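S.K.: Spelled out, the chains give:
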Amino acid sequence: MSDKRTTHFGYREVEEDAKAGLVANVFHSVAGRYDLMNDLMSGGIHRIWKRFTIELSAVRGGQSVLDIAGGTGDLAAKFADIVGPTGRVVLADINESMLNVGRDKLLDHGYQGNLEFVQADAQHLPFPDDSFDCVSIAFGLRNVTDKDLALRSMLRVLKPGGRLLVLEFSKPANPLLEKAYDSYSFRVLPFMGKLVAGDSDSYQYLAESIRMHPDQETLLGMLEDAGFVNCEYHNLTGGVVALHRGFKA
Amino acid sequence: MAAAGIDPTLTTAALAALEEALNRALSLDTAGQQQLGRLAGCTFAIECTSPAINVYLQPGVQRTRLLGFHDGPVTTRVRGAAADFAELAAASDPAATLINGNLALQGDSAPLIELQGIIGRLDLDWEAPLVNVLGDVAGHQFAEFLRAGFSAGSAASNSLLRQLDEFIHEEARLTPPRLEVEDFYSDLQSLQQRVERLQSRLERLRKRMRDTHA
Numbered sequence: 001m002s003d004k005r006t007t008h009f010g011y012r013e014v015e016e017d018a019k020a021g022l023v024a025n026v027f028h029s030v031a032g033r034y035d036l037m038n039d040l041m042s043g044g045i046h047r048i049w050k051r052f053t054i055e056l057s058a059v060r061g062g063q064s065v066l067d068i069a070g071g072t073g074d075l076a077a078k079f080a081d082i083v084g085p086t087g088r089v090v091l092a093d094i095n096e097s098m099l100n101v102g103r104d105k106l107l108d109h110g111y112q113g114n115l116e117f118v119q120a121d122a123q124h125l126p127f128p129d130d131s132f133d134c135v136s137i138a139f140g141l142r143n144v145t146d147k148d149l150a151l152r153s154m155l156r157v158l159k160p161g162g163r164l165l166v167l168e169f170s171k172p173a174n175p176l177l178e179k180a181y182d183s184y185s186f187r188v189l190p191f192m193g194k195l196v197a198g199d200s201d202s203y204q205y206l207a208e209s210i211r212m213h214p215d216q217e218t219l220l221g222m223l224e225d226a227g228f229v230n231c232e233y234h235n236l237t238g239g240v241v242a243l244h245r246g247f248k249a
Numbered sequence: 250m251a252a253a254g255i256d257p258t259l260t261t262a263a264l265a266a267l268e269e270a271l272n273r274a275l276s277l278d279t280a281g282q283q284q285l286g287r288l289a290g291c292t293f294a295i296e297c298t299s300p301a302i303n304v305y306l307q308p309g310v311q312r313t314r315l316l317g318f319h320d321g322p323v324t325t326r327v328r329g330a331a332a333d334f335a336e337l338a339a340a341s342d343p344a345a346t347l348i349n350g351n352l353a354l355q356g357d358s359a360p361l362i363e364l365q366g367i368i369g370r371l372d373l374d375w376e377a378p379l380v381n382v383l384g385d386v387a388g389h390q391f392a393e394f395l396r397a398g399f400s401a402g403s404a405a406s407n408s409l410l411r412q413l414d415e416f417i418h419e420e421a422r423l424t425p426p427r428l429e430v431e432d433f434y435s436d437l438q439s440l441q442q443r444v445e446r447l448q449s450r451l452e453r454l455r456k457r458m459r460d461t462h463a
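If you're matching them up, the sequences are chains A and B in order.
Per the working numbering, the very first residue in the first sequence carries number 1; after that it's consecutive.
Per the working numbering, the very first residue in the second sequence carries number 250; after that it's consecutive.
There's no promise every hint is true.
Claimed, not checked - To give an idea of the interface, some chain B residues facing chain A are shown, with a C-beta separation under 10 Å as derived from the structure:
hint, residue
1, 257
2, 260
3, 262
4, 264
5, 279
6, 290
7, 319
8, 320
9, 375
10, 376
11, 403
Said to hold, decoys possible - Covered stretches of chain A (chain B as the covering partner; in silico rule of three or more C-beta atoms under 8 Å from a C-beta of chain B):
hint, segment
12, 56-67
13, 233-240
What the hints assert, rightly or not - To list a few chain A residues with every Cβ distance to chain B over 12 Å, as calculated:
hint, residue
14, 16
15, 34
16, 44
17, 48
18, 49
19, 50
20, 52
21, 53
22, 81
23, 114
24, 116
25, 183
26, 209
27, 210
28, 222
To be clear, the hints were calculated from the coordinates, so they are not data collected in a lab.
Every value quoted in this text rests on a predicted model; they were computed, and no experiment measured them.
We put the CB at the ideal spot given by N, CA and C, even for glycine.
Given these sequences and hints, build the entire structure.
M.R.: Encoded structure:
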C-alpha cells in the first residue's frame, strides 16, 4: 500500500502531488472558451456574483489588490478601474494558459500601468508579508490541493486590516433547488462542455469538484482556523454560490 | 455568520441594470455628467427602512456607481420608508419635501442639494443616439417629431392639470385651495400656541392658590 497522501480530484482519490497537474490539464483544455462557457453555464449570472464581490471588497483608489486564480481577468479589470493609476492589481494564476488568455484580453482592453500578471501557486504566494489591502479568489479555491495552506498564505500577504474574499460554488439552501442544480450540473453541463468547448470531461470534473468543496459553514470554519477574524458569508442565488469574507487582525 | 435578507443576486442585478440605464442616460448630457464629476469622492446613502434596502450612489467623472454595500465613509445619508421616498420623488419641490418630510437626513446636506440640482437640470440629448442609428437626416427628423410630440403632450398635460385643479378647488369646492389650507394650518398653529400658554398660566395660578391656602 502506498504511504503517499491522497486528495480528491472530482470524485476520484488521487495522490496529492498529482492533483495540480490534473487540474492544470483541465484548465489548459478550457482556457480558450472559458469566458463563453461561463456565460453559457451561468446564464451571465457570474457577472452579478463578481459585481457583488467587488462591492464587498470595499477597495478604494490607490489600494493594492491580489486576485488569485484570476483566470481571464474579470475581477482584476474591475479592481484596476477602481484602484486607478496610483493603485496596484496583481492577477495571479497557476495555470499558464489561463494567465495568457487573461493577459491578452486585458491588454487588448487597454489595461496597463497598474496591472501585473504573475504565475503563482495559491499555496505558496511569492509576495512579501503584509503586501495587499485585499485578496480575492473567485472559483479557484476548490481546485487548490491544500486549501488550509492556501488560506494561511493569503493571510500572510494581506496587510493588517486587509480583507480576503472567497467566491466559490457552495451548497444550495433549498433541497428542491439542490435537486434541480444536481440535474443541471451532471446532465446539462458536460453536454454543453462537449458541444461548445469540445471537452465534456473537464465539465464533469467541474460538477464533481463543486460537490467535493466544503459547504458554507465548513469553509467559514477554515477561514477562522487559518487566522482570519470577523468572518462571514453571503449566500448568492440560493446558496449555489457563496461569498466568504474574512479580515486580517 | 451568514448575512440574512433578500438574496444579494437580486438586488445586485437590479442595481447593475439601474446603473447601466443611469449611465447611458447621463452619457446623453455631457454637461450634466461633468457637473456630476465635481461630486466624485462623495457617497450618498439611501436607506429604505421598509422594505429594508440600502443603495449607495457614488458619482464619478467617467461613471456613476450604484452599490448595495458600502463600508467606507458616507457624505450624506437619507433614511426613511419607501412611502417617504415615493413622496419625495413625486414632490413638486423636492428640497422642501426633503427638509419638511419624514425622511431623516444625516451628514453634509450641501452635496445632496447640489446632486438634486444637477439631476433636476439634466437635459438629455436624445437626438445623438437616434442619429447614430438612423443616420443624420432621418434621425434629426424623427427627433424633431418626438420633441414636438413631447412638447404638445407636456403642454396638454399642464393645461389639463391646471383646469382640473381649478375645477376641484374653485368650481366644485371639493377641497380647499392650497393657500387656504396653509392659512388654516397657520391659524391652527397659533391657536395651539395660545392654548398652551393659557394652560401653563392656569397651572401657575393653581399652584399659587394652593401655596396661598397652605
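S.K.: Hints first: check each against the structure and report whether it holds.
M.R.: Verification of the hints:
Because the beta carbon of residue 257 of chain B sits about 5 Å from the nearest beta carbon in chain A, less than 10 Å, this interface hint is met. Because the closest C-beta pair between residue 260 of chain B and chain A is about 9 Å apart, less than 10 Å, the hint holds. Interface restraint check: residue 262 of chain B against chain A, minimum CB-CB distance 5 Å, threshold 10 Å, status holds. Look at residue 264 of chain B: its Cβ gets to within about 8 Å of chain A, closer than 10 Å, so that hint holds up.
With a least beta-carbon distance of about 20 Å to chain A, the hint placing residue 279 of chain B at the interface is violated under the 10 Å criterion. Checking residue 290 of chain B against chain A: minimum C-beta separation of about 9 Å stays under 10 Å; hint holds. Of the supplied interface hints, the one on residue 319 of chain B holds, with its beta-carbon coming within about 7 Å of a beta-carbon of chain A, less than 10 Å. About 4 Å separates the beta-carbon of residue 320 of chain B from the nearest beta-carbon of chain A, less than 10 Å, and the hint is met.
Because the smallest distance between the Cβ of residue 375 of chain B and any Cβ of chain A comes to about 28 Å, over 10 Å, the interface hint for this residue is violated. Nearest Cβ of chain A to the Cβ of residue 376 of chain B: about 29 Å, over the 10 Å cut. The hint is violated. For residue 403 of chain B, the interface hint is violated, the least distance from its beta-carbon to any beta-carbon of chain A being 37 Å, above 10 Å. Remark: the segment 56-67 of chain A is confirmed as covered by chain B, as 3 of its residues place a Cβ nearer than 8 Å to a Cβ of that chain, reaching the required three.
Proximity of the segment 233-240 of chain A to chain B, defined as three or more residues with a beta carbon under 8 Å from a beta carbon of that chain, is established by the 6 residues found. Distance to chain B confirms residue 16 of chain A as a non-interface residue, since its nearest Cβ pair spans about 31 Å, more than 12 Å. Annotated as non-interface, residue 34 of chain A keeps its C-beta farther than 12 Å from every C-beta of chain B; the closest such distance is 21 Å. Interface exclusion of residue 44 of chain A from chain B breaks down, the closest Cβ pair being 10 Å apart, not more than 12 Å.
Look at residue 48 of chain A: its CB is around 5 Å from the nearest CB on chain B, not clear of 12 Å, so calling it non-interface is violated. The Cβ of residue 49 of chain A does not lie farther than 12 Å from every Cβ of chain B; its closest approach is about 7 Å, which violates its non-interface assignment. Not every CB of chain B is more than 12 Å from the CB of residue 50 of chain A (nearest about 10 Å), against its label as outside the interface. For residue 52 of chain A, the shortest C-beta to C-beta distance to chain B comes to about 5 Å, within the 12 Å cut-off, and the non-interface label is violated.
Residue-level check failed: residue 53 of chain A sits 10 Å from the nearest beta carbon of chain B, not beyond 12 Å. With a cut of 12 Å on Cβ distances, residue 81 of chain A falls inside the contact zone with chain B, its closest approach being about 8 Å. With a cut of 12 Å on Cβ distances, residue 114 of chain A stays outside the contact zone with chain B, its closest approach being about 15 Å. Here residue 116 of chain A stays apart from chain B, with its beta-carbon at least about 23 Å from theirs, past the 12 Å limit.
Every beta carbon of chain B lies more than 12 Å from that of residue 183 of chain A, the smallest distance being close to 20 Å; the non-interface claim holds. Under the 12 Å C-beta cut-off, the non-interface status given to residue 209 of chain A relative to chain B holds; the minimum distance is some 22 Å. Residue 210 of chain A, annotated as away from the interface, keeps every beta carbon of chain B farther than 12 Å; the closest lies near 17 Å. With a closest Cβ-Cβ approach of about 15 Å to chain B, residue 222 of chain A is found to remain outside the 12 Å limit, as its non-interface label requires.
Consistency with the previously given hints fails for numbers 5, 9, 10, 11, 16, 17, 18, 19, 20, 21 and 22, ordered from lowest to highest.
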